[in-house]
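Work the whole structure out from these sequences, hints included.
2 protein chains.
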Amino acid sequence: MKRQNLRTVSLILCIFSYLLVGAAVFDALESEAESGRRRLLEQKRGELRRKYRFSADDYRELERLVLQAEPHRAGGQWKFAGSFYFAITVITTIGYGHAAPGTDAGKIFCMFYAVLGIPLTLVMFQSLGERMNTVVRLLLKKIKKCLGMKKTNVSMENMVLVGFLSCMGTLCVGAAAFSYFEGWTFFHAYYYCFITLTTIGFGDFVALQKNEALQKKPPYVAFSFMYILVGLTVIGAFLNLVVLRFLTMNSEDERRDAEERASLKRNRDAIFLPIEDRTSQMNLIPLIVPSLCTCLCYRPRLCGSPVPSHPETLSCHTNPVYYNSISYKIDEVSLSTRDPTGVSSPGSTLSSNSPRCREHHRLRRKSI
Amino acid sequence: MKRQNLRTVSLILCIFSYLLVGAAVFDALESEAESGRRRLLEQKRGELRRKYRFSADDYRELERLVLQAEPHRAGGQWKFAGSFYFAITVITTIGYGHAAPGTDAGKIFCMFYAVLGIPLTLVMFQSLGERMNTVVRLLLKKIKKCLGMKKTNVSMENMVLVGFLSCMGTLCVGAAAFSYFEGWTFFHAYYYCFITLTTIGFGDFVALQKNEALQKKPPYVAFSFMYILVGLTVIGAFLNLVVLRFLTMNSEDERRDAEERASLKRNRDAIFLPIEDRTSQMNLIPLIVPSLCTCLCYRPRLCGSPVPSHPETLSCHTNPVYYNSISYKIDEVSLSTRDPTGVSSPGSTLSSNSPRCREHHRLRRKSI
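So the protein lines, in turn, are chains B and P.
Mapping of the first sequence onto the UniProt record's numbering: position 53 corresponds to residue 53, and the numbering continues sequentially without gaps.
Mapping of the second sequence onto the UniProt record's numbering: position 119 corresponds to residue 119, and the numbering continues sequentially without gaps.
These aren't lab readings, by the way, just hints derived from the structure by calculation.
Note that identical chains are pooled: a pair holds if it fits in a single copy or bridges any two copies.
Below, a list of computed lysine-lysine pairs in the DSS-like style, where the Cα atoms sit at most 25 Å apart:
| no. | residue 1 | residue 2 |
| --- | --- | --- |
| 1 | 44 | 79 |
| 2 | 79 | 217 |
| 3 | 150 | 265 |
| 4 | 141 | 151 |
| 5 | 2 | 142 |
| 6 | 210 | 79 |
| 7 | 265 | 141 |
| 8 | 151 | 265 |
| 9 | 141 | 2 |
| 10 | 265 | 142 |
| 11 | 145 | 265 |
| 12 | 79 | 216 |
| 13 | 265 | 2 |
The structure presented is a predicted model; accordingly, all values stated were derived computationally and were not measured.
Take a look at the structure:
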């Protein structure tokens, strides 16, 4: 079975099992508590009904009234500040639902707004996240230099650790701030920040919904908006570092397979060609040339070692996120190109006794 | 200013302006209707208060009661089917909020569940989306062949059009189904499907919340779950086609810049090197070799034309999503590698009069 299909099928099975496990655990954790709450609520409703003797219609009317009035508790949800808050929850796909367009015109605009806004936001956060990672990488390198460490390379592990700590830090800062402003417990505020920054946005906890905060507390409103946007950037940076490469895996394999098919085809053709044409072709089998240039451009440290031929080795270079994570190494290594031993010099990796055709010979040897 | 920084700054400005415009429009569309609804609700509340003479405390109690009872209207939200529904809304980040964990244990598990589940789901939908695109591409190619069209290549425009139509189709099918099952208008059902499949999930319209559907209508429950998962795959396929490449732009540029810095450094070094070493280095300038192998492997159609040297030309090949969109072309072109003119043959593009060192000379000529 093709690697890409196998991976996709395993992922689907994985997700379904994950959903089944999740459903079982949520059932076990919540189901009983829910029945308890339900009984309590029915009992209270019974008491109030007996006390005031509602008609069934009046009670239904009262329910509708309370539910519709709920969004208005925060004051005007659709004045400019509220609308800005709503717009953020749309393009980031948080979608608390604390306010939802009530008019059909609002619903239509919301859909058009999301169609352009969501991809734009996605690209913006990934772009900003990547910039953040680049800055962090440079800072870490400088810190390592200042500390006089021998190895100043910033490894992927370093970056992932910093990313993880930044995410935790962002959540904790938010939890502290919102527990102070909203009067929630630290745990509930942390849960709110987590559910917001993962863009799940249940809406069971929503900031700026008390005491007409949207109108009366502009600094807190500004802080909340900035927190959401900065928080999403930090999460975006972490995703850019850890998850983004996995999103392009299948495309990667597709490209590699097509490349291999093409080169095999070329090999087959070469067998039926006259010797002169054959040499010209065999020197240029794409399986070799990319490995050569990959070695030269993206893995200077490996240039002393034989050119990798395993597809995995090729694939990892063609992932831009991988490039990003190693690009900073190239500067250092380029300094060593004058190295007379030629161990770390792309130039001298292909050196032979004769200066002319040295690379030609090397390629021939590999291509056979 | 560095291209990546410029792009990121423009994206940030773009998003902020987009938010401002959105806020202004939502304010204009919703603000007045909101005030109207508010007045009406206060009037109704006044009538009921006068009729039943609630004490202020009792009314607050009644409000709390109705709000807390609302999730229970759908029957048990946390039995297995409901928990499965909730688990889907967590890992897909839809997060309607029709049900949210009430216990602290549930909240904690929900957070851990999302941390692993969201990236896994993201990767699964992208992987599945890419597979869908590959199948669609092959189908389109076969259809074009069956129709006896001269050009059987499936262009990016073809794919985007098919992707767009699939998304619209999915939304319309969902709108028809949910308007039938939930008794919503087609427009409201379409709005529900859109808000669900974009993972915004306000929760103002939520399927399976009437007449204890979760317990009493298993086929409808299964349909709803499958609709959400299949719908998200279709959207994922479209994003894989259109948006994914933009997520890796900065990483791309970073890689290219590092590559150029390294090659320039190598050039500089070469000037101070003895002539023999210099030739060995100049043959191997990464700006040339990758363009050469890129040309050979990924742009066979261009092999007759001069090797591209503009960074943009390099960059477009190093984007895996780009590979994916062109990989299928390689099979066709590899058939033409025997072409004696060598115009479309990667092998013969570099042929010269002398069979030995022909590619060495070619590289030399390009590198100077």
